[in-house]
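These protein sequence lines are chains A and B, in that order.
At position 108 of the first sequence the residue is numbered 133 (this note's numbering), and the sequence of numbers has no breaks.
At position 349 of the second sequence the residue is numbered 374 (this note's numbering), and the sequence of numbers has no breaks.
Worth flagging that the hints you see were computed from the coordinates, not collected in a lab.
Worth double-checking, as some hints may not be accurate.
Given that identical chains are not distinguished, each listed pair holds provided it fits within a single copy or across any two copies.
With a straight-line Cα cutoff of 27 Å, these simulated DSSO-like cross-link-like pairs (lysine-lysine) come out [stated by the list, open to error]:
1) 369 / 259
2) 350 / 259
3) 282 / 203
4) 350 / 366
5) 350 / 282
6) 374 / 34
Number of protein chains: 2
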Amino acid sequence: MTTLTINSKRFQEDFETLARIGDTGDGGVHRPTFSEAHLAARAWFRERAEADGLQVQVDGAGNHSAILRCSPPGAPALLLGSHLDSVSHGGRFDGALGVLAALEVLRVIQEANLTLRFDLEAIDFTDEEGSLLGLLGSSAVAGIISQAELDNPRGGRQLLLDGLARAGLQEADLLNAKRDPAQMAGYLELHIEQGPRLEQDRAQIGIVSGIVGLASYLLTFSGRADHAGTTAMKDRRDAAQGACAFTLSARRLVMEKFPECVVNTGALQLLPGAFNIVPGIALLSLEFRAPEQDRLDELEQAILELARQEAESFDLQIHFEPKGKHLPTPMNPLMQEALRKSAKKLGLKSMEMASGAGHDAQALAGLCPVGMIFVPSVAGASHSPRELTRWRNCVNGANTLLQTVLVLGKVK
Amino acid sequence: MTTLTINSKRFQEDFETLARIGDTGDGGVHRPTFSEAHLAARAWFRERAEADGLQVQVDGAGNHSAILRCSPPGAPALLLGSHLDSVSHGGRFDGALGVLAALEVLRVIQEANLTLRFDLEAIDFTDEEGSLLGLLGSSAVAGIISQAELDNPRGGRQLLLDGLARAGLQEADLLNAKRDPAQMAGYLELHIEQGPRLEQDRAQIGIVSGIVGLASYLLTFSGRADHAGTTAMKDRRDAAQGACAFTLSARRLVMEKFPECVVNTGALQLLPGAFNIVPGIALLSLEFRAPEQDRLDELEQAILELARQEAESFDLQIHFEPKGKHLPTPMNPLMQEALRKSAKKLGLKSMEMASGAGHDAQALAGLCPVGMIFVPSVAGASHSPRELTRWRNCVNGANTLLQTVLVLGKVK
């Protein structure tokens, strides 16, 4: 069993085929959840898994699985996977790498005709990136999704409903996609780091210790729309001023007082939005992250207070609409240990690190033991067409995943 | 002749009928150029003018005219008018008041069966507000529109082409709509002030001395899109930071060093525009105004330099795309004198003032003598559903317009 390795050529061919679905022509892909390209990628995954002789399953949240029965009847399943959706104009590695590595691991185990302590399931989770809600499929599997969240998703209610309809899914089934913990042996995910630390430390494998917590809000600064030629500067209640002052001071706050955290103004809309009208309304998409729960709470309090102050200083009203919150999540210690041992066995240099990005593992952590492997991102680029992981590192990551499955699944 | 006055009831009925076309339900109207509501307003104007026995004419720029032949053959025409388009979600007075007052003046002269030194033309100019280009119809009449401007309009080329198609207009005809100066006796426009000065000074009529100059630019700040969870704050090239810093410092610059000027960031788009992606690009719609030519030049230089500095301080590239420029324009002294005399004759308190807003008169100033009347805006509100001018002030303005036509047109 120790000599099993993945088939790099087959794995790479799959990777390149998948990267052409939603190809943006600049090295990236555009596959927002339930877009035409995303649905095409999922159709390709189903066909590929069936051609490989695996059993295909789609659950009520639209999660796509390829299943290998390789254990005695009644055994639980170890899930391996990631997601096939991308951010808008993102990269070809984020998510796709983990799904394809999972599929490849199943094929290698199938070809070796091994019996393990669990069945294997290569899973593509729905809407990890959050075009609609974020971690939608994994939250549904974990049974932690609520109707309130579905009523007010970060992408807007209509986008969610339209997307579900396009994918042929029912909203009610999302709430019923929860798995039985007794049937879950665990979840392992291979993912690109999306930051520069592995590269800086010349490590080949990142063993994820935990995932940072995150909160997102839609902030509405409200002032008064006025004629931009006839209204004196001093008489304006310009919503853009408050939103811009907040965007600058939130950055300063985090850099000075929360150096281990990050904040982002990802979108900003001024209304009515004409050259010659002072903006009466500014809609600001805010997100911030912290590695520990108490720091996330402190940051949340400080940042919302800052928004209140900036609004007040420009005579604006402010409204906060929570758009999602994920608590910081530690990975399972036994999973971390198995990953570390496997990397060592393969002669790969590994390091422990926190994940600044959110992942499906955080939704699943309450359901079963979870673990994650990172592989290096060139220059740390991510959520961008510049995203790149050297192919040898992709192979190292997939082999570490395979080795960990063997370590965990060995029939004693 | 001295006892002629406009028919307030008929004028008001027209005003209220017109305000229902594109009514936004909150006291305002939404009639962007060539929108369904705008085209409906123009259709109503044609029908109304025809029902009044006036000759209707539409030129190559889509300007709509109602013509009263009231002079000996071969005489030029005095144009009275304004515009029926509105800004997005604007008020019911801006533009509409001037067009309806012009129509009413023609009806009163027609009913009195007077002979003047010129024919009268009540004109509705196309796209004064600039959903597409700004002062489009009057610039075409003045022959100062260029293909280069049409190729790069502030609303984007496609919006212009789609709009022209909806209105049944040809682009080539825009360039051929120029009038012969010999056929132009002048242009007079009644308009709301769109600022608080008349109200503050308790004056009933504003005699416009000149129109401020204006320049608009689309600024593009370019940095790098990155993952908002895994990219350290210090490593970001966040386009939002540059755009927001500029929006704040442009306001400070104007308030401190150009107190007679104004500046506006009317729209701001961050791309790709997701909660979890550091914005790589920020598109900023900038407009600034100054009452004198040399100050407009100084302001332009200072403000673009400021944008360069702010971009540099956040390690961003910057690109400036000029989106329009209108020089400060004095009104014709003889027209101003005729307006002042007329207001005095009607017992109305008038004051001289500059216009902070742009108007079609500035495009026409090179073609013929131009003059403008302002009436008070309650609380100075404009480009907003809160826009309001008391009806007695609307009537005062229309009577001043009528009186001035009689003063200028009297056959000696």
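Quick rundown of the hints versus the structure:
1. 369 / 259: neither (66 Å within a copy, 33 Å between copies)
2. 350 / 259: between (38 Å within a copy, 24 Å between copies)
3. 282 / 203: Neither way: residue 282 and residue 203 sit 40 Å apart in one copy and 63 Å across, limit 27 Å.
4. 350 / 366: neither (33 Å within a copy, 68 Å between copies)
5. 350 / 282: within (21 Å within a copy, 45 Å between copies)
6. 374 / 34: within (23 Å within a copy, 88 Å between copies)
This entry does not satisfy hints 1, 3, 4, going by the numbered hints stated previously.
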